[in-house]
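Enquirer: These are the residues of each chain, in order.
There are 2 protein chains.
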Amino acid sequence: MVKQERAARTRRALVRAAAEVFARDGFVLASLTSISKMAGVSNGALHFHFASKQALARAVEEEAAAVLRAIGASARAGGSRPLQRLIDATHALMERLERDVVVRAGFELGSGPPRRDGSVDLRGQWQGWVEEVLKDAERDGILAPGVSAADASVTVVAATVGFEQLGAEDPAWTSARTLVQFWDLLLPRLAAAEILGGLQAGGTTPAAASRQE
Amino acid sequence: MVKQERAARTRRALVRAAAEVFARDGFVLASLTSISKMAGVSNGALHFHFASKQALARAVEEEAAAVLRAIGASARAGGSRPLQRLIDATHALMERLERDVVVRAGFELGSGPPRRDGSVDLRGQWQGWVEEVLKDAERDGILAPGVSAADASVTVVAATVGFEQLGAEDPAWTSARTLVQFWDLLLPRLAAAEILGGLQAGGTTPAAASRQE
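If you read the protein sequences in the order shown, they are chains W and B. Residue 1372 is where the first sequence starts when you use the working numbering, and the numbers rise one by one after that. Residue 1372 is where the second sequence starts when you use the working numbering, and the numbers rise one by one after that.
Because the hints were derived from the structure by calculation, they are not lab data. For glycine and all other residues, C-beta sits at the position ideal for the given N, C-alpha and C. Mixed in with the good hints there might be a few duds.
[As the list claims (entries may be wrong)] Chain W is faced by these chain B residues, among others (derived, beta-carbon under 7 Å):
#, residue
1, Phe-1419
2, Asp-1507
3, Thr-1526
4, Gly-1533
5, Gln-1536
6, Leu-1570
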């Protein structure tokens, strides 16, 4: 392995270990020694890559933000209608929250007191994406009569943040089953009658399908 | 003032000050000195009432739990139908989260890592209440056809936990306006057609009305 590859691999191991320790102990109590131990590297190697605990937290959040952007981009690339894109993105997000400690820790680092200075606003990023896709749906005329993109955004953002929070204690909240219950309830109110039959509450991506097996 | 009254007053001041400091600094960073200073009492007086920071957190959570029980009981005493009771209770909860730091800190103390041992499960208590009132609605036959109490509970609990979490950063999320947007969206799907017209998304209690002025 060339030196550069090894450095990149060490950095990735440190970010993942930091996420594990932040998720377990919280940012304030997390120790750099636990992080370097979990990553299997020396304290010196940690300090070569990251100047502080703050820098590690920032790296965790940035990796989570990149995952979130990829989820949005992939839902758009699917080419389906805005409401299906929204459903697919929520399944992708819950699936990542369930199995990827970096995404979970990224969201947790930005919530609750004390709020860290300069932390990445993952919930704000998610909210912005949800609002945009619902505005697309409104523009396409596929929202039910009398339903505004704004009202729908408030409900979808609050519920998904709730799933994320409750899921930290009990993974049933981020399961495909719970999300399908939510969409089964909401879709008949949200979608115009003529497109409702074509929407799949369980998502249309292979990842969403595999979660429901 | 007799001695007993003064002791009760000091205890109340300490619980409120603890809530302020927990909400601002988080449990881990909160210092007993900040709490006694904010309450305007000596460290000795603090230790006379509370053996530890843990005991103070427990007292904050227990006061918040009592408020939550009172919200549930008062919604029941209103005598209205289960769905209106649910709407009224969500308005009462958001209103308390907005103006009462003890309730806000109580919810925050139970969330996020590190989870404190033996903390009161306020979200679990809220979830239990929501499930019960929606089961009443199901039993009374006032849910829309095809809607189960379980699906409705998942959505209402997740959204209200989301409002609570997002409201800690931006009070717009716990405002009456946001909650009315949520109920306006959800009710036509949730309630049987024959009772929908009688439901008020803005709540029927004087407190709910005053929030919307």
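Enquirer: Could you tell me which of the numbered hints above are not met by this structure, giving the numbers in increasing order?
Expert: 1, 2, 6
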